[in-house]
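Colleague: Kindly produce the complete structure, drawing on both the sequences and the hints.
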Amino acid sequence: MSNIPNLRIRRVTAQGHLAVWVALAALLIFGVLRYDNFASSYNISSFLGYNSMFILISVGMCLVIMTGGIDLSVGTVAALSSVVAAFLSPYGLIVALPAGAATGLVVGTINAVLITGLRVPPFMATLASMLAAKGAALWLSDSRAVAVDWASDFTRLGMGKVVGLLPWTILLALVVVLAAWLLIERSSLGRTILAIGGNAEAAHLMGLKTRRAEVFVYIFSGTCAGLAGVILASGYGAGQPLEGAGWELAAIAAVVVGGTLLTGGMGSVPATIAGALLFGLVLNLLNFENGRGTFSLSANWQAVIRGMFLLVVILLQARLSRPATKT
Amino acid sequence: MRRRLDNRLLGLIAALTTLVVLNVAITPNFLNMQTLAVNASQVSTIAIVALGMTLVIASGGIDLSVGAVMAVAGALAPILFLSDWALANPALGLFAAITLPLCVAAICGVFNGTLISLLGVQPIVATLIFFISGRGIAQVMTNGNLQTFNNPSFTWLGTGRILGLPVQAWIALVLMLVIAWVVRRTLYGRYLLAIGGNERAAALAGVPVTRVKIATYAISAILAGLAGLIVVAINSASDAARIGQLMELDAIAASVVGGAALSGGRAPILGTVLGAVFIQLMDYTLIANGIPDEATLIVTAGIIVIAIWLQSGRRV
Chain Y
1 MSNIPNLRIR
11 RVTAQGHLAV
21 WVALAALLIF
31 GVLRYDNFAS
41 SYNISSFLGY
51 NSMFILISVG
61 MCLVIMTGGI
71 DLSVGTVAAL
81 SSVVAAFLSP
91 YGLIVALPAG
101 AATGLVVGTI
111 NAVLITGLRV
121 PPFMATLASM
131 LAAKGAALWL
141 SDSRAVAVDW
151 ASDFTRLGMG
161 KVVGLLPWTI
171 LLALVVVLAA
181 WLLIERSSLG
191 RTILAIGGNA
201 EAAHLMGLKT
211 RRAEVFVYIF
221 SGTCAGLAGV
231 ILASGYGAGQ
241 PLEGAGWELA
251 AIAAVVVGGT
261 LLTGGMGSVP
271 ATIAGALLFG
281 LVLNLLNFEN
291 GRGTFSLSAN
301 WQAVIRGMFL
311 LVVILLQARL
321 SRPATKT
Chain W
1001 MRRRLDNRLL
1011 GLIAALTTLV
1021 VLNVAITPNF
1031 LNMQTLAVNA
1041 SQVSTIAIVA
1051 LGMTLVIASG
1061 GIDLSVGAVM
1071 AVAGALAPIL
1081 FLSDWALANP
1091 ALGLFAAITL
1101 PLCVAAICGV
1111 FNGTLISLLG
1121 VQPIVATLIF
1131 FISGRGIAQV
1141 MTNGNLQTFN
1151 NPSFTWLGTG
1161 RILGLPVQAW
1171 IALVLMLVIA
1181 WVVRRTLYGR
1191 YLLAIGGNER
1201 AAALAGVPVT
1211 RVKIATYAIS
1221 AILAGLAGLI
1231 VVAINSASDA
1241 ARIGQLMELD
1251 AIAASVVGGA
1261 ALSGGRAPIL
1271 GTVLGAVFIQ
1281 LMDYTLIANG
1291 IPDEATLIVT
1301 AGIIVIAIWL
1311 QSGRRV
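Residue numbers (my numbering), protein chains in the order written: chain Y, 1 to 327; chain W, 1001 to 1316.
Keep in mind that the hints were calculated from the coordinates and are not lab data. You may find that some hints are simply not true.
As the list claims (entries may be wrong) - Simulated restraints on C-beta separations:
1) 43/Y <-> 1148/W: 36 to 42 Å
2) 90/Y <-> 1287/W: 33 to 39 Å
3) 1144/W <-> 165/Y: 33 to 39 Å
4) 1017/W <-> 175/Y: 53 to 59 Å
5) 95/Y <-> 1010/W: 47 to 53 Å
6) 1211/W <-> 159/Y: 51 to 57 Å
7) 30/Y <-> 1198/W: 43 to 49 Å
8) 312/Y <-> 1144/W: 24 to 30 Å
Said to hold, decoys possible - Which chain W residues stay away from chain Y? Per the calculated CB distances, all over 12 Å, these:
9) 1022
10) 1026
11) 1190
Stated by the list, open to error - Over 12 Å on every C-beta distance to chain W, these chain Y residues come out as not near it, computed from the model:
12) 23
13) 31
14) 45
15) 87
16) 90
17) 155
18) 159
19) 171
20) 181
21) 236
22) 270
23) 288
24) 290
For glycine and all other residues, C-beta sits at the position ideal for the given N, C-alpha and C.
Modeller: Written out as structure tokens, the structure reads:
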């Protein structure tokens, strides 16, 4: 393979990346200067712990979107896996964690079969599995939260901290992120994933194993969502069949904010994580602002502000990437 | 093209007939006016939203914001007719409570369409903005409160009957006929299908792509707004957190089961309404026979996959 297309990909995404890193840095500086406890270890660790779930589903979504696909099922898969993990929590983390991840893996495999085998468009295939996973989660749990077993070591994952500061969950998320990053940047599978999004037909004709790469991304995304579900159950003490609504859109938003186009073919894992953190940070800052009591924005405003935020980033992106992405 | 379309519609009609026959056989009290009215009132809102969704899908796009637009329109209407001014002028107040929310919905649609056609933002992303923030806006407007009211002339929209059928079912029927006529007989309809078939070719052939797309998203939003008003009228109450929740999924499912292709270029209007009826009847069958709610989700998922698989199989 010539490395000329490579260079182009890098140049185009570098512009998109810049916006998200600048915004992230600006918000962080703003937070540190304005709020006393913003940089406290408590805030940092609870922020990272909560957002590790979104980092996981965003990194899975990022790989799927790089191929030009989409995975709408991640939110309800996380809910389903949180229920499964909660049921198995008496057997300890050693059973519940793999079981939760396996739940996601199974749904991801179903997605992969529907999309690559039956040629159902990703949007519809994952829409269907989103409904099915939600139905399964409600069925298993009888539509109620499933309490975890506090006696086992299951809640250590979600509530424990390494050296009293960093939550275990963020380390788990970072390992997955690192693996995905190396995969995209260094492996032939990663190159194939980007090539499919660039031009699936051409990638296939060049002899790349496009089907294998597509199968991989949906299974990967499902597994990430499964892990997020385990964190959900472990961190909040219950399997939550009704949680996860709208997570898929939060993940898509993080990916888009990170400069990846939904048409695929380019994108960056770290920028996606920055996008996910950016959305979390907006909420975190809002909470602090409310805490100061100068003015109070109800929880209802959060959605409005997130939407406006997404709008601003999209408008910026439309300006930045327009000339380069005309195909 | 025409031939294949007919086949698909025949398949759907056959499936519907099977379902009806099955229900007559196993569901108690299936064949009475009450059952018909209940199902008709449930399916109408989905059908109305799905009609707009089908137009959007025919243009090659998608509209995730319909549920949020329903919430905005549904929250705005009671605010208007419960205001002091409207209580002083009931007739004018009612008029405003119906037209203003539809205008606001139209603005949302124009906003979506502008982002998509002028700035080149992908439809999923552009409509995601309202999906995330629209419901929040509705909740901010109502302060998150449930608004209850007693306004017979407004609730007629949701609970009135004409010839035994709910008013909203007649509205859905009329809309279906009008939109079917628009798609088949007007320039707009031709343009829409041309854009969905091949946007670049359409633009080069002189189709005003930007205007047609903005109009399409506006129509979808107005229909969603109307559905929001109907939902509020049915309940005599408006809860911004719940109006139109998951409606985007129902509407997309109805369109696709009805024969719309996500790649665009096809606008099966009768199919869309039948698709909505089919999904509703399937849910009703399961619930009326004591199968838990959760199972209906799984069945709906299966139906969507089968519908798409049948379509893609025939396209080859």
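Colleague: If any of the earlier hints don't hold here, list their numbers in rising order.
Modeller: Of the numbered hints given earlier, the structure breaks none, since each of them holds.
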